[in-house]
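Chemist: Got two chains here, each in a separate frame; can you build the complex from them with the hints?
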Amino acid sequence: QQQVKQSPQSLIVQKGGISIINCAYENTAFDYFPWYQQFPGKGPALLIAIRPDVSEKKEGRFTISFNKSAKQFSLHIMDSQPGDSATYFCDYSGNTPLVFGKGTRLSVIA
Amino acid sequence: DTGVSQDPRHKITKRGQNVTFRCDPISEHNRLYWYRQTLGQGPEFLTYFQNEAQLEKSRLLSDRFSAERPKGSFSTLEIQRTEQGDSAMYLCASSYGGADTQYFGPGTRLTVL
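The listed protein sequences correspond, in order, to chains A and B.
Every letter in the first sequence is one number past the one before it in my numbering, and letter 10, counting from 1, is 13.
Every letter in the second sequence is one number past the one before it in my numbering, and letter 57, counting from 1, is 42.
These are computed hints drawn from the structure, not numbers from a lab.
Every value quoted in this text rests on a predicted model; they were computed, and no experiment measured them.
You may find that some hints are simply not true.
If you want the footprint, here are the derived chain B segments under chain A, 3+ residues with CB under 8 Å [stated by the list, open to error]:
1) 22 to 36
2) 88 to 97
As a list, the in silico SDA-like pairs of lysine to any residue whose alpha-carbon atoms are at most 25 Å apart [as the list claims (entries may be wrong)]:
3) A:K45 / B:S(-10)
4) A:K8 / B:Q26
5) B:K42 / A:S96
Residues of chain A placed beyond 10 Å of chain B at every Cβ, according to the derived structure [as the list claims (entries may be wrong)]:
6) A32
7) F33
8) D56
9) K61
10) E62
11) F65
12) T66
13) F69
14) D87
15) G106
16) S110
17) I112
Backbone N, C-alpha and C fix where the C-beta goes; we use that ideal spot for every residue, glycine too.
Looking at chain B on its own, in the form it has when it is part of the complex (with noise of 0.2 Å):
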């Protein structure tokens, strides 16, 4: 499967404990999204990266969150001293340039205790 890959596809926690998430994207595109959806909402934008440089954050990104894409490919998503708040599903899409459809992963679902 060629299309975008998300790690781990569940993930069960308790609040005020770090949690790290990854996305691979397709080979060949150098922008990778991340996004959040809660339950009967449409997916919000967090933060984006072209190649290894992170161009921009939304203000839904508080300073518990971090997102990396060191070397240019696969990207982490850190969430630190995680808060019932958290709980949502963690969307990442790739394209290739800013202007091209942007292909979603299956999502990391987050649950927070």
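Okay, chain A solo, but in the shape it has when bound (with noise of 0.2 Å):
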């Protein structure tokens, strides 16, 4: 099984800051590339997501980076804030089922 490079594994940024994750893959098939929002106690919710025929997506503060030559894509949050605390990752697999690694737990602190 590919092995996800997701770094850093936990991350403090003051708020307003901007937060920044990054998940590099392997597999250059792979067509879709999201990332995921998960609070304790909840169960992950799509954050954003991004196919490789783009160079960059953003929604709201949230925006995702891909880099194909790299083979790496990235997750910034900007003006970072305390309900951004949670743990994100990506995924992984390109496909179904969904494989993720240890993830990003990222602490906003005032």
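Modeler: Set out below in structure tokens:
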């Protein structure tokens, strides 16, 4: 099974700062790159996803960028808020079922 | 609420007992997935159904685990002769088709004493 390379494992950001989480993939045949957000005690929820025909997608404060040559996609959270404190997972299966790594625990402090 | 629901939300059992969890997917979704999540890890795939057919099972799904989706609607996950290592959050998700977004339920937290 492919290994997910998500980094960092944990991240502490000041309120208003930018949070950046990276995910590296191996299989260039993948065509769907999602990020999931999970709050404690809840199931994960799709936050934002990108297909490789575009290099960037923005939804509110969340931006996903895709670097095909580096085989990496990143999540940027602008103006990070305490409510963004959660664990973020990329899925590196490119397919069904989802395959997650350990995730990145984000803490946004005031 | 028209999201994915799971019952019970919490289950405490003694080692060796059998437990059964239920998942009700979003009504029009034909795919239903079970995942297991332990502390500090991401969810790990267990099995999934398309309608009533169980299409794939993970190696994590030992013979003590069985899942059903008899009428292509709700699903049950049974664990027989529970072990302490079964303690985890069991998550259910559903989607309309394989390429669609998976919507997760709140999970059932199992504690095996």
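Chemist: State for each hint whether it applies.
Modeler: Here's how the hints hold up against the structure:
no., hint, in the structure
1, 22 to 36, "holds (count 7)"
2, 88 to 97, "holds (count 5)"
3, A:K45 / B:S(-10), "holds, 12 Å"
4, A:K8 / B:Q26, "holds, 14 Å"
5, B:K42 / A:S96, "holds, 16 Å"
6, A32, "holds, 14 Å"
7, F33, "holds, 12 Å"
8, D56, "holds, 15 Å"
9, K61, "holds, 18 Å"
10, E62, "holds, 14 Å"
11, F65, "holds, 15 Å"
12, T66, "holds, 19 Å"
13, F69, "holds, 18 Å"
14, D87, "holds, 18 Å"
15, G106, "violated, 5 Å"
16, S110, "holds, 15 Å"
17, I112, "holds, 21 Å"
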